[in-house]
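**Student:** What follows is the residue order along each chain.
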Amino acid sequence: MKQGRYTVEENRPLTADVWEMRLSGDTGSITRPGQFINIALEGLFLRRPISVSDWDGETATIVYKIVGKGTAAMAGFRPGKRLDVLCGLGNGFEVAKCAERTLVIGGGAGVPPMYGLAKALLAAGKTPLAILGFNRREEIFYEEKFRALGVETAVTTVDGSCGIRGFVTDALPERYGYFCACGPLPMLKAVCRACPTSGQLSLEERMGCGFGACMGCSCETKYGSKRVCKDGPVLEKEEILW
Amino acid sequence: MVDLHVTLSGVRLDNPIIPASGTFGYGYEFAELYDINCLGTFSFKGTTRAPRFGNPTPRIAEAPSGLLNAVGLQNPGVDKVIAQELPKLKEVFHKPVMANVSGFSVEDYAYTCALLDKEEQVGWLEVNISCPNVHSGGMSFGTSPQAAAEVTRAVKAVTKKPVYMKLSPNVTDIAAIARACEDAGADGISLINTLLGMRLDLRSRRPLLANTTGGLSGPAVFPVAVRMVYQVYEAVDIPVIGMGGVSTAEDVLELMLAGATAVEVGAANLVNPFACRDILAALPEAMEKYGINSLSEIIGGAHHG
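Listed in order, the protein sequences are those of chains A and B. Just so we're aligned, residue 1 is where the first sequence starts under the numbering used here, counting upward by one. Just so we're aligned, residue 1001 is where the second sequence starts under the numbering used here, counting upward by one.
If we strip away everything but chain A, and leave its shape as in the complex, we get (with noise of 0.2 Å):
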């Protein structure tokens, strides 16, 4: 982890209420995909977890969902804004353990982590196959970006009026030998169930430092309780109790 000041480069709407923000700072701290950073907000008192979606080395990429103040407020920044942020939290996607043919599920909010993971099973020779969940058309981003990197990649949306009518779990794919998911907790939940080899999942909960301080973010596990923020977010499929 590490603190410092970042610049805001751009920061653009993808759909009606889902913006992309990159910044420029020092990312050394940022190691694996499905890692997040902490952004202190004027007027706000606890900082605010984005998860980043992509880095390189002098910038990285947020994605984050206007929910509250503190996003709707990261909405009006305009370019050249000075943050103080806490960057290359958490841990995140193990790309090691994912097998050669790799599920990368994606549901709504969560689906920027993704890209990230999608980008190193890539660099590491894998083949990442991408399922993205949304519940309209309207809410569709990232499609392109996954097929851009030639990903194979299927959509779903509840509404059916894009991609496949259901769930992410109605596009699974016949051949594949382990999965990593970032979504909503009943996503996450259905896709255990519905697949059966190993998997990584990244978990979202309310979190007050971000970094391992609190104990606000906790969850148990089969090895005993975890901080989402610091141990996590990002765990194993066997270790989770629902």
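Calculated directly from the structure, the hints in this document are not laboratory data. Virtual Cβ for every residue (Gly too), placed ideally from N, Cα, C. Fair warning: there could be bad hints in the mix.
Unchecked claim - Here chain B is said to cover these stretches of chain A; the calculated rule only asks that three of the stretch's residues, wherever they fall, bring their Cβ under 8 Å from a Cβ of chain B: (1) 40–49; (2) 194–208; (3) 212–221.
Dock chain B against the given chain A, drawing on the hints supplied.
**Tutor:** Frame of chain A; chain B shown alone:
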């Protein structure tokens, strides 16, 4: 050169800055970020007789100038703390540490305190009779002078190290409770714990916290802390550790003037992991600005003249 040292029940602290229990874990997350030996000491995560997962999540909610928490005393239990956490802590922190203890019965408190009292690393016991987030014990001991005195007596009977009773602000007469602890043998008082609060989610129309209520901390509670430290300083002759929303060096000076011998920093650590180090670094300049040569000399300064 200004003098930052204070003395807490006969033990010299290099400075009065103490990360508050529950915001600093057992120290090592922060030891990865900076050398925590710069601190006066720190109060480790509230420890109970048995391991506890704590309350269901969500346990955290935003508040104006602060946060609500309802963690509910998550900790690995005193046996694991002694066997695993203290040895790990020893590698990164070389000063006496403050052992924060919670319980659900008078016997619990005495049992856990007796075990931690024997640990060489422990310099003081801070007995939390003020946790608002557990449904039995906790705060109920800190809201009546009789119950507070009973816990104090039981802990003092089985320990040798200085015992600080950590009090709740959720009372009408803090002075009476502090006096009851002093009369029962407490070596000091530490306050304030969090203020009982609650937030609702307008969409779901339900409480934001799974526990319904939680403890409010952060700058929002600082004036309450100043008032209560001031009142307790007047009521007792034992030292007071002040805390509640401290986030700057000026806040430290203010609480010391109100009567605090040392100052704990809590919520600030959660939004700025370097908060204690930064406050400490800013202290000498703030002291010079207000003409303070020695911190020890200003303790309770607001009460004189």
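**Student:** Evaluate each hint against the coordinates.
**Tutor:** Each hint, compared with the structure:
1. Look at the stretch 40–49 of chain A against chain B: 5 of its residues bring a Cβ nearer than 8 Å to a Cβ of that chain, three or more, so the hint holds.
2. Counting residues of the stretch 194–208 of chain A whose CB falls under 8 Å from any CB of chain B gives 4; the rule of at least 3 is met.
3. With a cut-off of 8 Å between beta carbons, the stretch 212–221 of chain A has 9 residues touching chain B; three or more are needed, and the interface restraint holds.
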